[in-house]
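> Below are the chains, spelled out letter by letter.
There are 2 protein chains.
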Amino acid sequence: MNANQIPHIVIIGAGFAGLEVARGLAKSRVRITLIDKNNHHLFQPLLYQVAIAGLLPSQIAQPVRTIFRKQKNLTFQMGEVSAINFDEKYVKLNGSVIAYDYLVLAVGGRTNFFGFDTIEKSGFQLKDLDTAVKTRNHLLSMFEQASHEADTEKRKAMLTFVIVGGGPTGVETAGALAELITHVMKKDYPRLNLNDARVVLLEAGANLISSYPDELRQATVKLLKKKNVDIRLNSKLDSYNGVQVKLADGTQIETQTVIWTAGVKATEIVDELSIDKASGGRIRIEPTLQLPQHPETFVIGDAAFLLDEKGQPLPMISTVAIQQGVFTAKSIINLMTGKPLGHFHYKDPGLLATIGRNAAVARIFGISFSGFIAWVIWVFLHIYRIIGFRNRIIVLFNWAWDYVFYDNQVRLITKE
Amino acid sequence: MNANQIPHIVIIGAGFAGLEVARGLAKSRVRITLIDKNNHHLFQPLLYQVAIAGLLPSQIAQPVRTIFRKQKNLTFQMGEVSAINFDEKYVKLNGSVIAYDYLVLAVGGRTNFFGFDTIEKSGFQLKDLDTAVKTRNHLLSMFEQASHEADTEKRKAMLTFVIVGGGPTGVETAGALAELITHVMKKDYPRLNLNDARVVLLEAGANLISSYPDELRQATVKLLKKKNVDIRLNSKLDSYNGVQVKLADGTQIETQTVIWTAGVKATEIVDELSIDKASGGRIRIEPTLQLPQHPETFVIGDAAFLLDEKGQPLPMISTVAIQQGVFTAKSIINLMTGKPLGHFHYKDPGLLATIGRNAAVARIFGISFSGFIAWVIWVFLHIYRIIGFRNRIIVLFNWAWDYVFYDNQVRLITKE
Numbered sequence: 005m006n007a008n009q010i011p012h013i014v015i016i017g018a019g020f021a022g023l024e025v026a027r028g029l030a031k032s033r034v035r036i037t038l039i040d041k042n043n044h045h046l047f048q049p050l051l052y053q054v055a056i057a058g059l060l061p062s063q064i065a066q067p068v069r070t071i072f073r074k075q076k077n078l079t080f081q082m083g084e085v086s087a088i089n090f091d092e093k094y095v096k097l098n099g100s101v102i103a104y105d106y107l108v109l110a111v112g113g114r115t116n117f118f119g120f121d122t123i124e125k126s127g128f129q130l131k132d133l134d135t136a137v138k139t140r141n142h143l144l145s146m147f148e149q150a151s152h153e154a155d156t157e158k159r160k161a162m163l164t165f166v167i168v169g170g171g172p173t174g175v176e177t178a179g180a181l182a183e184l185i186t187h188v189m190k191k192d193y194p195r196l197n198l199n200d201a202r203v204v205l206l207e208a209g210a211n212l213i214s215s216y217p218d219e220l221r222q223a224t225v226k227l228l229k230k231k232n233v234d235i236r237l238n239s240k241l242d243s244y245n246g247v248q249v250k251l252a253d254g255t256q257i258e259t260q261t262v263i264w265t266a267g268v269k270a271t272e273i274v275d276e277l278s279i280d281k282a283s284g285g286r287i288r289i290e291p292t293l294q295l296p297q298h299p300e301t302f303v304i305g306d307a308a309f310l311l312d313e314k315g316q317p318l319p320m321i322s323t324v325a326i327q328q329g330v331f332t333a334k335s336i337i338n339l340m341t342g343k344p345l346g347h348f349h350y351k352d353p354g355l356l357a358t359i360g361r362n363a364a365v366a367r368i369f370g371i372s373f374s375g376f377i378a379w380v381i382w383v384f385l386h387i388y389r390i391i392g393f394r395n396r397i398i399v400l401f402n403w404a405w406d407y408v409f410y411d412n413q414v415r416l417i418t419k420e
Numbered sequence: 005m006n007a008n009q010i011p012h013i014v015i016i017g018a019g020f021a022g023l024e025v026a027r028g029l030a031k032s033r034v035r036i037t038l039i040d041k042n043n044h045h046l047f048q049p050l051l052y053q054v055a056i057a058g059l060l061p062s063q064i065a066q067p068v069r070t071i072f073r074k075q076k077n078l079t080f081q082m083g084e085v086s087a088i089n090f091d092e093k094y095v096k097l098n099g100s101v102i103a104y105d106y107l108v109l110a111v112g113g114r115t116n117f118f119g120f121d122t123i124e125k126s127g128f129q130l131k132d133l134d135t136a137v138k139t140r141n142h143l144l145s146m147f148e149q150a151s152h153e154a155d156t157e158k159r160k161a162m163l164t165f166v167i168v169g170g171g172p173t174g175v176e177t178a179g180a181l182a183e184l185i186t187h188v189m190k191k192d193y194p195r196l197n198l199n200d201a202r203v204v205l206l207e208a209g210a211n212l213i214s215s216y217p218d219e220l221r222q223a224t225v226k227l228l229k230k231k232n233v234d235i236r237l238n239s240k241l242d243s244y245n246g247v248q249v250k251l252a253d254g255t256q257i258e259t260q261t262v263i264w265t266a267g268v269k270a271t272e273i274v275d276e277l278s279i280d281k282a283s284g285g286r287i288r289i290e291p292t293l294q295l296p297q298h299p300e301t302f303v304i305g306d307a308a309f310l311l312d313e314k315g316q317p318l319p320m321i322s323t324v325a326i327q328q329g330v331f332t333a334k335s336i337i338n339l340m341t342g343k344p345l346g347h348f349h350y351k352d353p354g355l356l357a358t359i360g361r362n363a364a365v366a367r368i369f370g371i372s373f374s375g376f377i378a379w380v381i382w383v384f385l386h387i388y389r390i391i392g393f394r395n396r397i398i399v400l401f402n403w404a405w406d407y408v409f410y411d412n413q414v415r416l417i418t419k420e
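Sequences listed follow chains W and C, in order. The numbering of the first sequence is this note's numbering, which starts it at 5 and goes up by one. The numbering of the second sequence is this note's numbering, which starts it at 5 and goes up by one.
Just chain W, same shape as in the assembly:
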């Protein structure tokens, strides 16, 4: 058997979904080419921690080459795929053509601003390391500027932080930012009146974390209020000009900081594909996760659109991506050996959101937790899931330190 007869599997995207496919094929007689536009895998659920100066970029990211050092059937290529030809089975990357036998599209999503161009321009988002670091630098700069601003109104505007979107990311960011102000910035800026500082959480709907059970939603509101987060439900954004937010009901909020966490849509490469798409530009797939008419192509993670048993679209979250990745690796093995494919069923492992330093809400095995116990569960689950043993130790050490000393480790402003 020569090298040409070994099936070539191309995986686009080194997020949770793509990583699991590659791992699941580690012992198979295949050639894998894993492609990503970054050289690192990102532990996206903790990205907001980088934005609020709680964790370092390197603690939630790891080079893909390091992850797969020992997997000899895999080659990593960094770059952006410029075209995909499903009929002739090749992708274009860095000027080369790469032919495949099986293709896994796990390209993830990007921030959906729903047409709010001014927010895309003047606001902040949490999509990758660069946008998170940019957010951190801006947040810290606001405190510096406020520290030498004599005008009270201007100072208050500098210390007003608006977070748009009451989903898990918005809730976690609001809680963590409120704690940064109360516990850390108060010490760093002893002469600044931080009672002027405000964290405003805007949610267009009637509830925060609307997909969670009611008791957890209530616990979340209670925990955020305790941390002085100003929660505005049924508050639709109307406009933002870089210094003032206007809501649909006419309310105005003076602020230089709007962090948008309110939506995800498909990435650029998916936009260009002439295939059937659902809301947010996500690709409609078969229950086997295959692309219709192209059984050798799988689409998984945030880029894929599939309904669950209740007719609801599967959420764009890491646990779905991971399970689909594991499932797809098995499906490819089945295809290669002529076995039939099963249907993908998502098993909900529970819900979890953290609200600052020592509080969280969780639902695991049908039981709801809130407060400190939920937070301890959250810490251990997240540390366990962070890739890399060294990172796990350092993150645990940092969190233990923060917990004991009420400190946040990195408040470096790295770009002006």
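Some clues are possibly wrong.
Any copy, or any two copies together, can satisfy a pair, since identical chains are not distinguished.
[Unchecked claim] Cut-off 30 Å, straight-line C-alpha distance, at most; resulting in silico cross-link-like pairs (DSS-like, lysine-lysine): (1) 125 to 41; (2) 138 to 41; (3) 226 to 334; (4) 226 to 96.
Hint data in this document are derived by calculation from the structure and do not stem from the laboratory.
Using the hints provided, position chain C relative to the given structure of chain W.
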């Protein structure tokens, strides 16, 4: 006694020199305003480690506000001083006028390209966190690009890294980069022939680390050669166009990476002052470290020019800056209490340069060391000097890990 009668001391620069002045006045009845354009103090001697992906920015930098949290007589202000009026005793910062009773100019230096505009444009430097991270991203990108470059000559050019300047920074960078290639990149890029990779160290003079004793210079050459660093002595740069270096003797080196470590000069604010300056734009000062004609103004660190007992200018290194800072704090106390000022004398604490993972050269108490023992001394001295207990533990942990596993912790490419 009211607040106006408490002397106001303005310190510009939170480098080694400025920090020591502020610390030395912690128990004095004074008001201190410490100003820096960054919000952090930088442990500059380890900046090259950030460039070669050995340490994280946050491990060698710490927010100034955190350092001085407990020093109640100090206020920190982030910003760039736009003007200094020595006669009327005020500085301009962020649009405000700040009057002082005593001024300490500790503004440090910046890279001196000696008129090589093309290097300033296309080359890399190690001056602050941003330039070091930019260098790291570029170095790592070169390996990525080389990994999918089919043309052998182009690939070799991508893997050729030229370091200009055979001083301690150039030597340390060359040694560490050579080790990154041999021990870490070989594992990350198993399909890339890293025998094509080259580290070239250019020195215009006849010796590396020319200010060190001869036996250490020889040991350095030996250690670098063992790591396959291509040392070119008496090699003057003629030009660089972004893809090719030309030397004065006509030699051409194809490379996309030139790291310039060959010079330091005064910062922008010093350029604009109409006071007496020496080579590199450094300010000529009295043996008391005072500015001539302005006894209430002290100039210290890289910005100051002073001859030692042998008539040699004091070097622009951290140990000089630290000793001058300590001395200046005492001098200000003497001035306030009407005591006479002494002359500054630099006490050479020894020399130390590291050459990669387990080798260094050192001269302490008149004894020369090289190899592993010198490296152990270097590790302990540097860790001890890094500010912040938490950072010390993490840096030690990372180095121990790297030493055991031959790994470098962060190889994230964060900007394209």
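> All hints, please: hold or fail.
Structure-based check of each hint:
1. Proximity of residue 125 to residue 41 under the C-alpha cut-off of 30 Å is found in both arrangements, the shortest distances being 23 Å within a copy and 26 Å between copies.
2. In this assembly of identical chains, residue 138 and residue 41 lie within 30 Å of each other by CA distance both inside one copy and across copies; the values are 19 Å within and 18 Å between.
3. Taking the closest pair of Cα atoms, residue 226 and residue 334 never come within 30 Å of each other, the shortest separation being 44 Å inside a single copy and 54 Å across copies.
4. For a Cα distance limit of 30 Å, the shortest separation of residue 226 from residue 96 qualifies neither inside one copy, at 51 Å, nor across copies, at 47 Å.
Violated hints, in rising order: 3, 4; the structure is consistent with all others.
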